[in-house]
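For the record, in the sequence shown the residue sitting at position 151 is 151 according to the numbering used here, with numbers rising by one throughout.
Some clues are possibly wrong.
[As the list claims (entries may be wrong)] Between beta-carbon pairs, the in silico distance windows are:
#1 Ala220 / Arg39: 45 to 51 Å
#2 Gly173 / Trp304: 35 to 41 Å
#3 Ser290 / Pro370: 27 to 33 Å
#4 Gly69 / Leu9: 47 to 53 Å
#5 Leu231 / Leu61: 20 to 26 Å
Derived by calculation from the structure, the hints in this document are not laboratory data. No residue lacks a Cβ here, since even glycine has one placed at the ideal position from N, Cα and C.
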Amino acid sequence: MGPPALRALAPALVYLGLGIVSTWPTAARLGDAVPGGARTDVWDSLWSLWFVQRALGRGELPWRVDLLGWPEGGVLFVADPLNALIAAPLIAAFGLSVGYSLLILGHSVFAGLAAHALGRRIFGVEAAAYVTGLAWALAPVQRAAVENGASEAIAGGWLPLAALLALIAAEEGGARRVIFAGLALFFAAAASWYSGLAAWMIWAGILVLGRPGVGWRQTAGRLLAVAALALALTAPLAYVTRLGVSHKDNLVGIKDVRELLTVRRTVGPADPRGWFIPGDFRSPDFRELSRYAEGFIHCHYLGWSLIFAAAFGLYDAWRRGERGLGLWALVGLGGGVLAMGPVVVMDGQPWILDRRLAVPLPYFLLEGAPGFSGLSLLYRLGMLPALGLAVLAASAVARRPNLAPGLAALIAVELLWLSP
1 MGPPALRALA PALVYLGLGI VSTWPTAARL GDAVPGGART DVWDSLWSLW FVQRALGRGE
61 LPWRVDLLGW PEGGVLFVAD PLNALIAAPL IAAFGLSVGY SLLILGHSVF AGLAAHALGR
121 RIFGVEAAAY VTGLAWALAP VQRAAVENGA SEAIAGGWLP LAALLALIAA EEGGARRVIF
181 AGLALFFAAA ASWYSGLAAW MIWAGILVLG RPGVGWRQTA GRLLAVAALA LALTAPLAYV
241 TRLGVSHKDN LVGIKDVREL LTVRRTVGPA DPRGWFIPGD FRSPDFRELS RYAEGFIHCH
301 YLGWSLIFAA AFGLYDAWRR GERGLGLWAL VGLGGGVLAM GPVVVMDGQP WILDRRLAVP
361 LPYFLLEGAP GFSGLSLLYR LGMLPALGLA VLAASAVARR PNLAPGLAAL IAVELLWLSP
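Construct the complete structure from the given sequences, taking the supplied hints into account.
Structure, rendered in structure tokens:
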């Protein structure tokens, strides 16, 4: 294998190494342990993935199940149909625990490579691409999904991939590029409604701000074609999902409107302090709130190394008269505001002024809108500021590639060992 091949493989090897480190000791105990906390949704995810693989292996649709609610059984639409399909051949070949571990590691590599490609597209500098990929692959909001066993939230690669392909379609056009961008936008939604909303927000940001050197009408036409394809693919999935969770024989109790309103005002949103406080800071702290000793960690920490690098990168770009980074500042800020929910929440409770007034936030105005009304764990929208900071921090080394190794090492140390 020659040097060109090694250079091509280098990013995959780097992000595989990061995945192994961030999920250690999974690689050393492959088959005996899986990533995630013991008292979390890991067991639910394992069962759901196994159920789908079992049904497909028997030539059945994974729709009705008699293993729950026996003897009548009922309808079960798993929370993570896309990953269930991806994991099915892995489970069939290697067993459930190994298949799940490989799924986690695979998504870690995918997330790093997709963000790496996004950084390369924006800056054209490999050093900046590595900073983008590393910061996103180790983003605490992504790692929290693994810890919590939320298999529907572990697929971190679809969001930067959707952003990358939307940028390419907007800037270059062409039927093939539009189709790829529409598919990526659909897969972001199929993986998780949260990442789907985040991808649509980036799409909207590109539409509003346009692209340098491309006429706005031309950009808008291309992006609307992307949206039309994505919606045509997403609508049937949304219909089937709705049909499954509202079926009269459905076995899983889905949150009603009142419960969603409550979760969005208690344990679901991002605590404003959580963006910045390192160490063992948890808000909400399930060690105190949970009656069942649950081990969930709702973490959306951003990292001071990324914040300072992003601020420097933005200032440097502004000083040189470059405006292309405004997209990432805009979607990062917008996603961060929405992640904090309809009211300010701290320690799992609304922040009340004068014993009677909650402090409202913009999500309150969108709470009843399609795409927003069904979400509850809003802290997951912290993926937008995490990705935005990854891109903005990379801009700090785009013209100074010799500084990239030091910044990457600083980011890795902070996100692996100092974040909650």
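Legend entry - Enumerated hints in conflict with the structure, sorted upward: Of the numbered hints given earlier, the structure breaks none, since each of them holds.
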